[in-house]
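Engineer: Chain order of the listed sequences is A and B. The first sequence begins at 0 in numbering that gives the first Met the number 0 and counts up by one. The second sequence begins at 0 in numbering that gives the first Met the number 0 and counts up by one.
Hints are all accurate, no fakes.
Note that identical chains are pooled: a pair holds if it fits in a single copy or bridges any two copies.
List of simulated lysine-lysine pairs, BS3-like, C-alpha gap at most 27 Å: (1) Lys193 with Lys315; (2) Lys193 with Lys226; (3) Lys64 with Lys310; (4) Lys151 with Lys54; (5) Lys193 with Lys302; (6) Lys193 with Lys220; (7) Lys226 with Lys243.
Simulated from the structure, these hints should not be mistaken for lab results.
2 protein chains.
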Amino acid sequence: MIIPNTERVTFILTNLNILTDNIHRIMNQQLAVGIDIGGTNTAFGIVDRRGNTLKQGKISTTKHKDITSYTDELYNALEPLIDEVSGEIKGIGVGAPNGNFYDGTIEFAPNLPWEGVIPLVNIFKEQFGLPVQITNDANAAAVGEMTYGTAKGMKNFIMITLGTGLGSGIVINGNVVLGHDGFAGELGHVIVEKEGRSCGCGRYGCLETYASATGLVRTMKELLSEKKTDCVFRNIPYEELTSKGIAEEAAKGDQLAIEAIDFTANILGKALANFIAFSAPEAFILFGGLARAGDLLFNPTIKYMNENTLKIWKNKVKVLPSDLSANDAAILGASALVWEMQS
Amino acid sequence: MIIPNTERVTFILTNLNILTDNIHRIMNQQLAVGIDIGGTNTAFGIVDRRGNTLKQGKISTTKHKDITSYTDELYNALEPLIDEVSGEIKGIGVGAPNGNFYDGTIEFAPNLPWEGVIPLVNIFKEQFGLPVQITNDANAAAVGEMTYGTAKGMKNFIMITLGTGLGSGIVINGNVVLGHDGFAGELGHVIVEKEGRSCGCGRYGCLETYASATGLVRTMKELLSEKKTDCVFRNIPYEELTSKGIAEEAAKGDQLAIEAIDFTANILGKALANFIAFSAPEAFILFGGLARAGDLLFNPTIKYMNENTLKIWKNKVKVLPSDLSANDAAILGASALVWEMQS
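Isolated chain A (complex conformation):
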């Protein structure tokens, strides 16, 4: 009988232990599915507790006029990913426009192809046999920000998404505010201008008609027609104006572009000052296309907010950029709902 070299045996055993542990960890790790339903596409992914996206995919939302054909394609794309990963899938979180947490439905979403009330949570539960939670996309983003992003550790903050519209997720005492009916946090539809710009909601002067990527473009067009100042945008077709383009030209020093951003920041800053009077948050987290304008937008917004808030809050409330990547954030936010369900 060969007596083994003791050191070698110890080395092998130690590594076998580490390997076994890792296999166990991977097999036992808790995972969540995040589904972000947008007007154009639906993105989905499988995320671990640390916010790493292990698998992801995408299908078209817009091509499915029929909800069953939509959920079938989604199931066929997502289920194989679920089968591939090692670990325990704890549930599915869904972020969608007009997603109602209480009812598990999507209700009359103007930017989605399906009419009326869609019982999405029940459909997914039946298909996947997993716990499912839904909320609106902005609330999902707030949960993601709290779980994985800039707002980690914060109990009171407001997440503002400056995209095509203005979405918001309000967190108070560590919980997303859903309100009596599940639809709270529609800060894009606070009316900030009497007889102001017409809004998709049918009313006038809503915050999102000014403070959003679309709002900035509208402001730029107004300035181009009102003023005679030289501006690079006089030489491109009106319909090619984008908020990204405006931010880029402002950074290069275009006066009218700077003015357009300042106008936007003024309205946004004053609105934030009013929101502080409501919930006295620790911070606002800005996210979305327009937020990527960076200091150009943040500095004047912070200035106007502090000029317009009560003395007790001057220079005390932070305005911070989200640190989640635009691609991941929606899926991460939706998936984070799953951890919330369990707590």
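Take the given structure of chain A and dock chain B to it, following the hints.
Structural biologist: Positioned in the frame of chain A, the structure of chain B alone reads:
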């Protein structure tokens, strides 16, 4: 030996039992002290779990420039009442302008005689040897409304006090919103008019400069100077105008008084519509002097609110009068903090 009448013995024993039970109930009943610190007077009372005020009293706030002389007089007036009642005093709840729940202090209250930061909770704890909780007067009123009043059973509502100013207490998921710093819920200082009326806070256009008893009087004065319409108030001195008087004349049909209330309701209704977009409450509860104008104020306020809110909330959010009596409400609200502490 006389054999007692069995029925009589049973009767006596039963009644002795009931009497003993009642004595036990009274001796063991849980009571709370409520202290409402106002700019002029401080009212206090001892309240049972059902909201019955067993004892109450009052001292002057305004005459005490020194906090120690104030707390001494309060102690000397309140302690004998505590000794008189039967039952267990569970604690003291205090409602005060700028009362900070987190710090247990009153901070820079413009309408109170003491400057700077007053550590009132610590002072009372030492004096009375009881648990003490403080919050601002409007938050205390909201807790009172939730515990004993119109909002009983509601988890999401906003209490609005229309007095000299506009105070607010916001309840979300059954908890008063305090915010990151304990000062949340300053809805009177949401700016609703650009370059509007000057406000005591040093800014312009705050909601409370329009929607409050004082605001209504300012509106009436503006209308009297702008318009030539006949009005009963043309014949009384400007400084004798009161919101109560305006409501009374409006009820009698005075056109300008009706217009003044309608103007107030318009601004208030639009502000409520914006607040719905924030927290989607089940109801607004209106309280305070101006709320006593009743339907004259409520009907147009509800109309303007519904005209200005998103479609999903039209005709869904209630606007209700408080059903607590003006005298009791402040004490009840402050005392209700004690039950909140224990839950």
